[in-house]
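*Asks:* Now for the letters of each chain:
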Amino acid sequence: MFFHIVLERNMQLHPRHFGRNLRDNIVAKLMKDVEGTCSGRHGFVVAITGIENIGKGLIRDGTGFVSFPVKYQCVVFRPFKGEILEAVVTMVNKMGFFAEAGPVQIFVSNHLIPDDMEFQSGDMPNYTTSDGSVKIQKDSEVRLKIIGTRVDATEIFCIGTIKDDFLGVINDPAAA
Amino acid sequence: MSVEPFNKLVKLAARAFYDDITTKGDNQPKTGRSDNRGIAVVVLDALTRRQWVREEDLAKDLKLHSKQLRRTLRFFEEEKLVTRDHRRETAKGAKIYSAAVAATVDGHPLKEGEEKVKMHTHSYCCLDYAQIYDVIRYRLHRMKKKLKDELDNKNTVQEYICPNCGKRYTALDALRLISMEDEFFHCESCNGELVAESDKLAAQEGGDGDDNARRRRREKLKDMLQNLEVQLKPLMDQLTRVKDLPVPEFGTLHAWEARASAAVRAANGDAGAIDPSKSSQGLGYGGTSLPFVGDTKVEVDFSGTEGKGENIKSETESSSLKVLPPWMIKEGMKLTKEQRGEVKQELRMDGSSAAVEFSDDKKATIENDDKKNIQDEYIKAYYAALLKKQQELDEAAKKEHELSNTHSLNGVSDTTSNRQVGIKSKRDEDEGDDDVEWEEAPVAGNSNENYKVNDLNVQADASGDDEDDIDWEEG
Ligand SMILES: [Zn+2]
Numbered sequence: 001m002f003f004h005i006v007l008e009r010n011m012q013l014h015p016r017h018f019g020r021n022l023r024d025n026i027v028a029k030l031m032k033d034v035e036g037t038c039s040g041r042h043g044f045v046v047a048i049t050g051i052e053n054i055g056k057g058l059i060r061d062g063t064g065f066v067s068f069p070v071k072y073q074c075v076v077f078r079p080f081k082g083e084i085l086e087a088v089v090t091m092v093n094k095m096g097f098f099a100e101a102g103p104v105q106i107f108v109s110n111h112l113i114p115d116d117m118e119f120q121s122g123d124m125p126n127y128t129t130s131d132g133s134v135k136i137q138k139d140s141e142v143r144l145k146i147i148g149t150r151v152d153a154t155e156i157f158c159i160g161t162i163k164d165d166f167l168g169v170i171n172d173p174a175a176a
Numbered sequence: 001m002s003v004e005p006f007n008k009l010v011k012l013a014a015r016a017f018y019d020d021i022t023t024k025g026d027n028q029p030k031t032g033r034s035d036n037r038g039i040a041v042v043v044l045d046a047l048t049r050r051q052w053v054r055e056e057d058l059a060k061d062l063k064l065h066s067k068q069l070r071r072t073l074r075f076f077e078e079e080k081l082v083t084r085d086h087r088r089e090t091a092k093g094a095k096i097y098s099a100a101v102a103a104t105v106d107g108h109p110l111k112e113g114e115e116k117v118k119m120h121t122h123s124y125c126c127l128d129y130a131q132i133y134d135v136i137r138y139r140l141h142r143m144k145k146k147l148k149d150e151l152d153n154k155n156t157v158q159e160y161i162c163p164n165c166g167k168r169y170t171a172l173d174a175l176r177l178i179s180m181e182d183e184f185f186h187c188e189s190c191n192g193e194l195v196a197e198s199d200k201l202a203a204q205e206g207g208d209g210d211d212n213a214r215r216r217r218r219e220k221l222k223d224m225l226q227n228l229e230v231q232l233k234p235l236m237d238q239l240t241r242v243k244d245l246p247v248p249e250f251g252t253l254h255a256w257e258a259r260a261s262a263a264v265r266a267a268n269g270d271a272g273a274i275d276p277s278k279s280s281q282g283l284g285y286g287g288t289s290l291p292f293v294g295d296t297k298v299e300v301d302f303s304g305t306e307g308k309g310e311n312i313k314s315e316t317e318s319s320s321l322k323v324l325p326p327w328m329i330k331e332g333m334k335l336t337k338e339q340r341g342e343v344k345q346e347l348r349m350d351g352s353s354a355a356v357e358f359s360d361d362k363k364a365t366i367e368n369d370d371k372k373n374i375q376d377e378y379i380k381a382y383y384a385a386l387l388k389k390q391q392e393l394d395e396a397a398k399k400e401h402e403l404s405n406t407h408s409l410n411g412v413s414d415t416t417s418n419r420q421v422g423i424k425s426k427r428d429e430d431e432g433d434d435d436v437e438w439e440e441a442p443v444a445g446n447s448n449e450n451y452k453v454n455d456l457n458v459q460a461d462a463s464g465d466d467e468d469d470i471d472w473e474e475g
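Just so you know, the sequences run in chain order A and D. Just so we're aligned: the first sequence equals residues 1 to 176 in full-length UniProt numbering. Just so we're aligned: the second sequence equals residues 1 to 475 in full-length UniProt numbering.
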């Protein structure tokens with residue numbers, strides 16, 4: 001799920017950036033530092049959408065670096081248990097398949113793949129129905145439901161299922 | 001507010017879920033003697049017959065050690081079945097409680113001198129019916145959901161085991177377990193090839209391959225689900241029965257005391273019809289002091305011509321002596337005729353002019369119609385036969401007296417309530433059989449209930465609620 005929230009961060013800036021473009025420099029560095037990171041609490045920071053305010057800088061003893069408290073708005077993506085996601089399959093093996101929904105990695109184990117789909121090994125390992133009409137392989141797009149998340153301080157990993165109504169392959173790259 | 005359906009709910013739940021709960025201290029040796037399974041059921045049953053009760057008193061009534069009782073109660077508190085209240089009080093405070101339970105004088109020959117000077121912490125407990133209803137529903141819901149989910153393989157996190165070192169992983173670890181060389185997961189510590197857990201289960205059962213294991217597992221789960229539906233049906237029925245009834249609410253200990261003592265005062269004002277001390281004496285509960293749930297509301301119809309004093313007396317008398325079911329009576333027991341149930345009929349017969357009416361619906365009909373008498377005769381004969389049988393059994397196993405008793409009891413498929421109450425508490429203490437005073441349900445209701453249940457066994461066509469004699473599957 002996506003959220004638009006306000007976060008705060010102390011930015012340390014080298015004195016060489018002090019000048020007319022101080023503010024721009026702070027924002028550029030903030031984007032570089034924050035976008036794409038993941039915190040267990042808020043999820044993945046997708047994009048910074050605005051700066052709320054930049055506080056007074058504090059000169060660090062001995063270094064000359066200055067730290068600015070920055071409040072910024074950003075879009076975060078945080079997967080939840082029970083959430084339905086659309087994801088791209090990245091790897092298929094005997095144990096199941098891995099997929100990505102943006103920054104999130106999801107594993108679907110083989111017992112959460114419908115029983116009528118069988119694993120086929122080969123160059124392009126895949127899960128296929130007996131009549132061959134549905135196939136899950138690398139780069140397939142699937143709709144899946146998250147049934148568990150592992151949230152670490154800097155990482156979120158999910159497991160999902162496609163064994164439910166309206167879940168499974170939503171477009172087949174081989175057919176297209 | 002009728003407590004009876006809720007009590008039944010509690011009893012059913014007790015037998016379904018708490019039958020083999022042991023509340024043992026960790027350091028106690030695991031000998032047969034200290035096996036206290038079933039205590040939980042006894043305690044819950046006892047609580048259905050009370051409202052707020054001081055835990056010491058309850059321990060005394062049940063002839064349990066207060067520590068053991070407290071452990072059980074603490075367990076039930078965690079299970080959200082029981083609310084407890086602790087307070088420091090002097091002897092005076094204790095008396096407020098005693099007054100509230102309508103037994104001021106005779107109930108407690110306590111060490112009063114001691115209590116006058118010291119403050120003691122007393123604990124009280126009470127069933128929380130509203131919560132019990134929710135807890136049972138939730139528990140059933142969870143049980144069903146878990147089985148169903150597992151049956152559909154929904155929402156279950158696959159587990160993997162390393163066959164070499166036994167280390168376990170879940171699907172959540174999958175990212176760390178993939179290897180570049182092949183398509184399997186590998187153990188982090190020994191690089192062994194991991195196996196999905198259900199496959200391993202199949203391997204243990206000698207199955208071959210995925211499909212077989214999955215099918216077998218499904219069947220097992222289906223069986224479990226079906227058993228659950230069948231065996232817990234009485235409980236679910238009772239839940240639906242109770243659904244729209246107002247839940248009995250005793251309030252906090254303080255509120256309850258205030259209410260109860262007000263009620264006693266009101267009763268005292270009522271032409272001395274029910275003298276609290278007298279009635280509690282009549283109840284003869286081993287010196288306990290509790291207003292029975294069913295007995296608090298006793299209506300006496302004074303339309304009879306006899307003086308009221310007499311009516312009341314006969315009533316208290318009839319409730320004072322417990323009529324023991326014949327199968328409980330053994331040689332050497334000192335019992336009055338009444339307790340043996342021999343005089344009971346006549347008493348009740350002329351009691352009909354007094355038209356004693358118990359407020360509780362179950363107790364409303366006392367056997368003063370002919371049909372009932374015939375049935376009773378029948379049952380008496382049945383019991384006589386049973387007694388004979390029991391004696392035979394006794395001879396066969398003279399040493400294991402109590403055990404044989406259990407068997408014959410089970411043979412009757414009596415209400416489990418009696419079975420538990422009688423037997424388990426007996427096993428618990430090693431006194432002589434003769435002068436043991438059993439903790440018993442209120443006489444009118446219980447004996448009546450017994451007959452009813454056994455009627456069902458004797459007469460196939462008698463209609464009634466037959467969920468009384470469920471055989472719980474044990475273990
Ligand atoms: Zn290993």
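Simulated from the structure, these hints should not be mistaken for laboratory data. Errors might be hidden in some of the hints.
Calculated pairs, DSS-like style, for lysine-lysine (alpha carbon to alpha carbon, straight line, at most 30 Å) [what the hints assert, rightly or not]:
| # | chain 1 | residue 1 | chain 2 | residue 2 |
| --- | --- | --- | --- | --- |
| 1 | D | Lys67 | D | Lys80 |
| 2 | A | Lys94 | D | Lys63 |
| 3 | D | Lys8 | D | Lys222 |
| 4 | D | Lys8 | D | Lys67 |
| 5 | D | Lys80 | A | Lys81 |
| 6 | D | Lys8 | D | Lys145 |
| 7 | D | Lys63 | A | Lys81 |
| 8 | D | Lys167 | A | Lys94 |
| 9 | D | Lys243 | D | Lys233 |
| 10 | D | Lys146 | D | Lys233 |
| 11 | A | Lys81 | D | Lys148 |
| 12 | A | Lys71 | A | Lys94 |
| 13 | D | Lys148 | D | Lys63 |
| 14 | A | Lys81 | D | Lys144 |
| 15 | A | Lys81 | A | Lys135 |
| 16 | A | Lys94 | A | Lys81 |
| 17 | D | Lys220 | D | Lys145 |
| 18 | D | Lys145 | D | Lys80 |
| 19 | A | Lys81 | D | Lys67 |
| 20 | D | Lys8 | D | Lys63 |
| 21 | D | Lys389 | A | Lys94 |
| 22 | D | Lys388 | A | Lys81 |
| 23 | A | Lys94 | D | Lys220 |
| 24 | A | Lys94 | D | Lys80 |
| 25 | D | Lys148 | A | Lys94 |
| 26 | A | Lys81 | A | Lys138 |
| 27 | D | Lys60 | D | Lys80 |
| 28 | A | Lys56 | A | Lys71 |
| 29 | D | Lys148 | A | Lys135 |
| 30 | D | Lys148 | D | Lys167 |
| 31 | D | Lys146 | D | Lys167 |
| 32 | D | Lys8 | A | Lys81 |
| 33 | A | Lys81 | D | Lys60 |
Some but not every residue of chain A turned toward chain D, in silico, with C-beta under 7 Å [unchecked claim]:
| # | residue |
| --- | --- |
| 34 | Arg78 |
| 35 | Met95 |
| 36 | Phe107 |
| 37 | Ser109 |
| 38 | His111 |
| 39 | Pro114 |
| 40 | Gln120 |
In this text, a Cβ means the ideal position worked out from N, Cα and C, and glycines have one as well.
*Asks:* It remains to establish, for every hint, whether it holds in the given structure.
*Replies:* Consistency of the hints with the structure:
For the proposed pair Lys67/D and Lys80/D, the alpha carbon gap of about 20 Å is at most 30 Å, so the pair holds. For the suggested pair Lys94/A and Lys63/D, the alpha carbons sit about 62 Å apart, so the restraint of at most 30 Å is broken. Of the pairs offered as hints, the one joining Lys8/D and Lys222/D holds, with about 29 Å between alpha carbons and a cut-off of 30 Å not exceeded. The hinted pair formed by Lys8/D and Lys67/D meets the criterion: a straight-line CA distance of about 27 Å does not exceed 30 Å.
At roughly 28 Å between alpha-carbon atoms, Lys80/D and Lys81/A fall within 30 Å of each other, so this suggested pair holds. For the given pair, Lys8/D sits about 25 Å from Lys145/D by alpha-carbon distance, which is consistent with the 30 Å threshold. This hinted pair does not check out: Lys63/D and Lys81/A have alpha carbons roughly 51 Å apart, beyond 30 Å. Taking the CA atoms of Lys167/D and Lys94/A, the gap is near 20 Å; set against the 30 Å cutoff, the hint holds.
Pair hint Lys243/D plus Lys233/D holds up; C-alpha atoms about 15 Å apart against a cutoff of 30 Å. At most 30 Å may separate the alpha-carbon atoms for a hinted pair to count; Lys146/D and Lys233/D meet this at roughly 18 Å. Taking the CA atoms of Lys81/A and Lys148/D, the gap is about 19 Å. The hint holds against a cut of 30 Å. The suggested pairing of Lys71/A with Lys94/A is violated, with an alpha-carbon distance near 47 Å, which exceeds 30 Å.
Restraint check for Lys148/D and Lys63/D: not satisfied, since their Cα atoms lie roughly 43 Å apart, outside the 30 Å limit. The suggested pairing of Lys81/A with Lys144/D holds, with an alpha-carbon distance near 21 Å, which does not exceed 30 Å. Of the pairs offered as hints, the one joining Lys81/A and Lys135/A holds, with about 26 Å between alpha carbons and a cut-off of 30 Å not exceeded. A distance of roughly 24 Å separates the Cα atoms of Lys94/A and Lys81/A; the hinted pair therefore holds under the 30 Å criterion.
Only pairs whose Cα atoms come within 30 Å are accepted, and Lys220/D paired with Lys145/D is accepted, the gap being roughly 16 Å. In summary, the hint linking Lys145/D to Lys80/D is supported, as the alpha carbons are separated by about 21 Å, within the 30 Å threshold. Under the criterion of a C-alpha separation no larger than 30 Å, the hint pairing Lys81/A with Lys67/D is inconsistent with the structure, at around 44 Å. Taking the CA atoms of Lys8/D and Lys63/D, the gap is near 23 Å; set against the 30 Å cutoff, the hint holds.
Restraint check for Lys389/D and Lys94/A: the C-alpha separation of about 66 Å exceeds 30 Å, so the hint is violated. Under the criterion of a C-alpha separation no larger than 30 Å, the hint pairing Lys388/D with Lys81/A is inconsistent with the structure, at around 65 Å. A distance of roughly 26 Å separates the Cα atoms of Lys94/A and Lys220/D; the hinted pair therefore holds under the 30 Å criterion. Between the alpha carbons of Lys94/A and Lys80/D the distance comes to roughly 46 Å, so the proposed pair goes past 30 Å and is violated.
For the proposed pair Lys148/D and Lys94/A, the alpha carbon gap of about 26 Å is at most 30 Å, so the pair holds. Between Lys81/A and Lys138/A the CA atoms are separated by roughly 24 Å; this keeps the pair inside 30 Å, and the hint holds. Between Lys60/D and Lys80/D the alpha-carbon distance is near 24 Å, which keeps this suggested pair within the 30 Å criterion. At most 30 Å may separate the alpha-carbon atoms for a hinted pair to count; Lys56/A and Lys71/A meet this at roughly 12 Å.
For the hint pairing Lys148/D with Lys135/A, the CA-to-CA distance comes to about 28 Å; that is within 30 Å, so the pair holds. Among the hinted pairs, Lys148/D with Lys167/D is consistent with the structure: their alpha-carbon atoms are about 28 Å apart, no more than 30 Å. For the given pair, Lys146/D sits about 25 Å from Lys167/D by alpha-carbon distance, which is consistent with the 30 Å threshold. At roughly 39 Å between alpha-carbon atoms, Lys8/D and Lys81/A are farther apart than 30 Å, so this suggested pair is violated.
Simply put, Lys81/A and Lys60/D have alpha-carbon atoms about 51 Å apart, too far for the 30 Å limit, and the pair is violated. Taken as an interface hint, Arg78/A does not check out: its beta carbon lies about 17 Å from the nearest beta carbon of chain D, beyond 7 Å. Taking 7 Å as the C-beta contact cut-off toward chain D, the hint placing Met95/A at the interface holds, the least distance being around 6 Å. Annotation: interface hint on Phe107/A holds; nearest CB of chain D at approximately 4 Å, less than 7 Å.
With 7 Å as the threshold, the beta carbon of Ser109/A comes within range of chain D, its nearest partner Cβ sitting at about 4 Å, so the hint holds. Annotation: His111/A was flagged as interfacial toward chain D, and the flag holds, the nearest CB pair being 5 Å apart, inside 7 Å. The beta carbon of Pro114/A comes no nearer than 10 Å to any beta carbon in chain D, farther than 7 Å, and the hint placing it at the interface is violated. Annotation: Gln120/A was flagged as interfacial toward chain D, and the flag is violated, the nearest CB pair being 12 Å apart, outside 7 Å.
Of the numbered hints given earlier, the model fails hints 2, 7, 12, 13, 19, 21, 22, 24, 32, 33, 34, 39 and 40; all others are met.
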